[in-house]
Amino acid sequence: MVQLSKLLTLLAATLAASAPLDLEKRTDGTATTALCTSAGCDNCNTGTRTAQQYGQQYFSPMETYKSIRYTGTHTGQAVSQIQLCSPSMGYLAPISPKISLETMPSIVVLGCGIYGLSTAYALARIQNSGQNITIIDVAEYACEGASGRPTTFLSDAHVRNPDLAALLRYSLAMHAELSRRCSGGARWQYQSAQNFDATPANGSIDAEIPAGLSWLKCGEPWTDAQWSRSTEYCSVDSHALGCFLLDEIRAGGAKIMFSTNVVRASRNSGHAVSALHVRPLGGDESSEVEIPCDRLLIAAGPWTAKVLKTLYPSATLDVPIYADTGSYSILLQPLPGGTSQPDWLNKSVVLHTGPRSTQLMMRQDGLVHAATVPPVTLDIGNFAGDSRVTHVGNALHDLETSIQSMLGMPSVTVLRRACFNPVTRSGLPIMSQVPYSCLDQANSTLAADGRDSGVYILGGHGYWGIAASLGSGKLMAQVMLGIKPDISLENFQLGTAPARETANGQDSPSRNGC
60 MVQLSKLLTL
70 LAATLAASAP
80 LDLEKRTDGT
90 ATTALCTSAG
100 CDNCNTGTRT
110 AQQYGQQYFS
120 PMETYKSIRY
130 TGTHTGQAVS
140 QIQLCSPSMG
150 YLAPISPKIS
160 LETMPSIVVL
170 GCGIYGLSTA
180 YALARIQNSG
190 QNITIIDVAE
200 YACEGASGRP
210 TTFLSDAHVR
220 NPDLAALLRY
230 SLAMHAELSR
240 RCSGGARWQY
250 QSAQNFDATP
260 ANGSIDAEIP
270 AGLSWLKCGE
280 PWTDAQWSRS
290 TEYCSVDSHA
300 LGCFLLDEIR
310 AGGAKIMFST
320 NVVRASRNSG
330 HAVSALHVRP
340 LGGDESSEVE
350 IPCDRLLIAA
360 GPWTAKVLKT
370 LYPSATLDVP
380 IYADTGSYSI
390 LLQPLPGGTS
400 QPDWLNKSVV
410 LHTGPRSTQL
420 MMRQDGLVHA
430 ATVPPVTLDI
440 GNFAGDSRVT
450 HVGNALHDLE
460 TSIQSMLGMP
470 SVTVLRRACF
480 NPVTRSGLPI
490 MSQVPYSCLD
500 QANSTLAADG
510 RDSGVYILGG
520 HGYWGIAASL
530 GSGKLMAQVM
540 LGIKPDISLE
550 NFQLGTAPAR
560 ETANGQDSPS
570 RNGC
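Following this note's numbering, the numbering of the sequence shown begins with 60 at its first residue and continues without gaps.
The set of hints was computed from the structure by calculation and includes no laboratory data.
There's no promise every hint is true.
[Said to hold, decoys possible] DMTMM-like cross-link-like pairs, simulated, lysine to aspartate or glutamate; straight-line CA separation at most 20 Å:
(1) Lys368 with Asp353
(2) Lys314 with Glu347
(3) Lys543 with Glu347
(4) Lys543 with Asp511
(5) Lys365 with Asp377
(6) Lys314 with Asp222
(7) Lys368 with Glu349
(8) Lys368 with Glu347
(9) Lys314 with Asp353
Please construct the entire structure, taking both the sequences and the accompanying hints into account.
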């Protein structure tokens with residue numbers, strides 16, 4: 060506290076003297092900008108302000124922070140950010156000078172999967188507080204849907220669409236940065252992968268195939284290895300990553316509500332949402348609670364359309380996010396006493412591509428992740444914890460047995476299963492505000508003036524879901540808080556759009572909208 064006071068006093072004196080500031084003395088790799096002292100500065104809201112006044116206005120109570128640090132050169136122009144190191148949040152968080160604890164909007168996130176958590180995490184970082192955030196999920200735990208995949212191989216491979224490729228590069232860099240900052244290797248099994256050209260010197264070479272996996276040679280060789288030159292490859296335990304984000308969000312003051320049904324949305328004059336009415340799962344009207352809400356994000360995976368229709372029964376929006384039940388992921392634990400143990404278990408990551416695309420990965424903790432495409436179609440139920448989803452394991456028992464045999468591991472325990480990737484018709488995710496006219500066409504005056512509905516949708520990332528999660532969450536948080544996103548989201552919006560190439564390189568129909 061003494062050091063903080065001295066720093067603030069020094070900065071206040073410097074600003075008062077109107078001397079140019081060149082305070083770039085950071086060694087931790089983070090950056091921000093100095094305060095603007097120009098009279099009438101829009102970013103500072105109220106003209107000239109000393110550093111001490113600024114701190115009291117926007118970062119009270121000051122004792123919750125270790126220090127304030129500045130970088131950048133003051134040029135008399137408006138600047139927009141300051142950074143604090145908060146022991147409660149555990150990271151350096153950029154904060155917009157227009158955001159204060161008193162004026163932060165009430166934000167509700169529907170969905171406690173990786174996208175709801177990534178967005179809430181980013182919102183808390185931008186604001187340096189999660190006190191205005193409520194996360195609601197009908198499931199009993201976080202990441203019960205596709206986000207609960209035990210291990211995910213992250214890359215931007217096979218992505219031809221430039222918008223999706225840019226999103227993945229942005230997000231994968233965030234995965235690497237978060238892991239470095241927060242010990243991701245130990246906390247959520249973050250592993251980077253070494254890449255190589257599959258066709259050296261324009262020739263060919265037989266790869267060494269570990270004993271017991273000779274079936275890998277059954278497929279046709281790849282002649283175009285361009286995808287393998289990508290530098291962005293890693294793997295994570297996405298369930299553990301989600302739990303980490305949840306812990307961080309809770310530490311920042313956010314409220315988490317599991318086993319909770321959303322009943323309806325309230326609105327006031329000129330706004331599409333002012334509150335949500337929720338009940339405990341199985342509760343009646345007497346147990347209903349009203350949650351204030353100025354900004355609403357629906358990140359409910361393949362259940363997004365159902366949630367929107369529940370809140371806005373007259374909505375004309377076609378949400379093109381649906382469940383791809385043709386992918387499946389399991390986590391296996393080799394047991395002692397088996398007749399054999401594969402010699403590749405401690406050596407490598409092995410990929411097999413083909414009609415049923417099976418992926419195998421050895422984790423740092425000795426467990427084996429297997430992902431494949433099952434020959435069955437399943438009802439996704441009403442939410443991730445639905446009994447129909449719980450019975451997926453029984454429906455796919457034969458598939459697990461065949462994978463076990465393929466792995467050469469006669470003695471295993473299946474620790475966790477996951478499926479139901481949310482995908483879109485176009486192959487591109489949706490990261491968009493819902494147009495007011497889609498929610499309330501009856502009020503033509505409000506719909507016609509381009510009014511901010513305050514309702515947002517995030518989802519449909521498909522097979523790149525975990526890879527794009529952190530980046531998508533940050534970009535969505537920026538949009539919800541009125542901050543220009545770091546990369547363009549123009550082609551991820553709801554509403555009609557011309558046909559364009561999907562992630563698989565095929566022309567897509569117009570984007571669905573209202």
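Hints, one by one, checked against the model:
Annotation: proposed proximity of Lys368 to Asp353 holds, straight-line Cα distance about 19 Å (limit 20 Å). With a CA separation close to 17 Å, the supplied pair Lys314 and Glu347 stays within the 20 Å bound. For the proposed pair Lys543 and Glu347, the alpha carbon gap of about 36 Å is over 20 Å, so the pair is violated. Between the alpha carbons of Lys543 and Asp511 the distance comes to roughly 15 Å, so the proposed pair stays at or under 20 Å and holds.
Simply put, Lys365 and Asp377 have alpha-carbon atoms about 11 Å apart, close enough for the 20 Å limit, and the pair holds. With a CA separation close to 34 Å, the supplied pair Lys314 and Asp222 exceeds the 20 Å bound. This hinted pair checks out: Lys368 and Glu349 have alpha carbons roughly 19 Å apart, not beyond 20 Å. A hinted pair counts as satisfied when its Cα atoms are at most 20 Å apart, and Lys368 with Glu347 qualifies at roughly 19 Å.
Distance restraint check for Lys314 and Asp353: the Cα-Cα separation of roughly 15 Å lies within the 20 Å cut-off, and the hinted pair is therefore satisfied.
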